[in-house]
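Chemist: Listed in order, the protein sequences are those of chains A and B.
Start counting at 1 in the first sequence, then tack on 639, and there's your number in the numbering used here.
Start counting at 1 in the second sequence, then tack on 2, and there's your number in the numbering used here.
Source of the hints: derived by calculation from the structure; they are not laboratory data.
Hints are not guaranteed to be accurate.
As the list claims (entries may be wrong) - Result set (SDA-like, lysine to any residue): computed pairs, CA atoms no more than 20 Å apart in a straight line:
{"#": "1", "chain 1": "A", "residue 1": "Lys651", "chain 2": "B", "residue 2": "Pro194"}
{"#": "2", "chain 1": "B", "residue 1": "Lys67", "chain 2": "B", "residue 2": "Glu155"}
{"#": "3", "chain 1": "A", "residue 1": "Lys659", "chain 2": "B", "residue 2": "Lys67"}
{"#": "4", "chain 1": "A", "residue 1": "Lys659", "chain 2": "A", "residue 2": "Leu703"}
{"#": "5", "chain 1": "A", "residue 1": "Lys651", "chain 2": "B", "residue 2": "Glu155"}
{"#": "6", "chain 1": "A", "residue 1": "Lys651", "chain 2": "B", "residue 2": "Lys200"}
{"#": "7", "chain 1": "B", "residue 1": "Lys39", "chain 2": "A", "residue 2": "Ala727"}
{"#": "8", "chain 1": "A", "residue 1": "Lys659", "chain 2": "A", "residue 2": "Ala727"}
{"#": "9", "chain 1": "A", "residue 1": "Lys659", "chain 2": "B", "residue 2": "Tyr206"}
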Amino acid sequence: MTRKVLIVDDSKLARMAVIKALDSLHPDWTRFEASDAATALALVQREAPDIALLDFNMPGMDGLVLAAEVRELNPGIRVAVISANHQAEVVERARAAGAAFLPKPLTAVALRAFLGDAAAPRQEAR
Amino acid sequence: MSDQPAVMLTELELDALTELVNLGVGNAAVGLREMVKEEVLLSVPNVAIVTREQAIANLGRDPAKRLVAVHQNFDGDIRGRALLIFPEAQSMELVRAVVGSDLSLEDLIELEQEALAETGNVLLNSCLSTIANSFGRTLRISLPEVVHGDGSEFFNLTPWPQIDDSVLFIYINFAVRRGNIQGYLAMLLDLPSLVTLKELLASYIARMGGTTPPAPSDAG
């Protein structure tokens, strides 16, 4: 089933790398890109993505705060926060925000594990 | 003398370099967190390549402000010197964060060099090895040394300064709950190293972000 994926990272290269990993798994899925939180939130409202992959360390609003706002707008969305910074506090805050934590640089294997879970229908979402 | 660095990076190359520094600093945060036993907050690094004169000017706006630097030399496909620099006035804050605030001032002073060297070692090694690993290369990294002084001293330490040296200059804020420490990371590179860095960045970009063949459009 085709899904809509939102990819948010201030680094263009990091977005390219996520898309490359996503392409290797699900080339038919629709993807939306944002380089900042405001654009990301606008896309969540307009496009209602099923899945959001958010960079943690971004200027302005970080990925954890963004994760909470994204889920507030769309409680059914599955969210992952991506970061090399796997301090216990960061991972814990991701969980508290209802997001998965994926290590950066993102590998297709880690993305597949998350998507395998995220692609499953979510009862409360529908 | 030119006020432009000898080699300029494209927007995407600078993006890639910033992302690599971001990864390195993110990894370092995990190590630093173990040292200070509480969460370490790190800002998004701001990366620029500047001439040595510009780097000195960036650091030296306030002559009253003494600085402390932890530096390490690296050698391999690219060679140069990496420095972690912050205001001397904040050095004790950092030492307190690392070794604990319940020590006497005497003990703190005694441990200062060691704590600074260890903090620098974690941050600089993490950035350098993240960059080297991402390029699939190896860098030999020397032990850290601590120096007090100003920008012109830091960027004129023997043995490397050349007239066309460039500096990879990185602004970063790090904070633990007790206080905010504004620091800089800098990498002094000679011209051949900067040329190599640009080449390595280009192939890293091709590898990481390179477009895959177009997918069948009717997949589903």
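Chemist: Give a verdict on every hint.
Modeler: Comparing the hints with the structure gives:
1. For the hint linking Lys651(A) to Pro194(B), the alpha-carbon distance of about 27 Å lies beyond 20 Å, and the restraint is violated.
2. Of the pairs offered as hints, the one joining Lys67(B) and Glu155(B) holds, with about 14 Å between alpha carbons and a cut-off of 20 Å not exceeded.
3. Proximity of Lys659(A) to Lys67(B) is assessed by CA-CA distance (about 47 Å); at most 20 Å being required, the pair is judged violated.
4. The straight-line distance between the Cα atoms of Lys659(A) and Leu703(A) is roughly 23 Å, outside the 20 Å bound, and the hint therefore fails.
5. For the given pair, Lys651(A) sits about 36 Å from Glu155(B) by alpha-carbon distance, which is inconsistent with the 20 Å threshold.
6. Annotation: proposed proximity of Lys651(A) to Lys200(B) holds, straight-line Cα distance about 17 Å (limit 20 Å).
7. Proposed proximity of Lys39(B) and Ala727(A) is supported: the alpha carbons are some 11 Å apart, at most 20 Å.
8. In summary, the hint linking Lys659(A) to Ala727(A) is not supported, as the alpha carbons are separated by about 28 Å, beyond the 20 Å threshold.
9. Proposed proximity of Lys659(A) and Tyr206(B) is supported: the alpha carbons are some 14 Å apart, at most 20 Å.
Checked against the numbered hints given earlier, this structure breaks hints 1, 3, 4, 5, 8; the rest are met.
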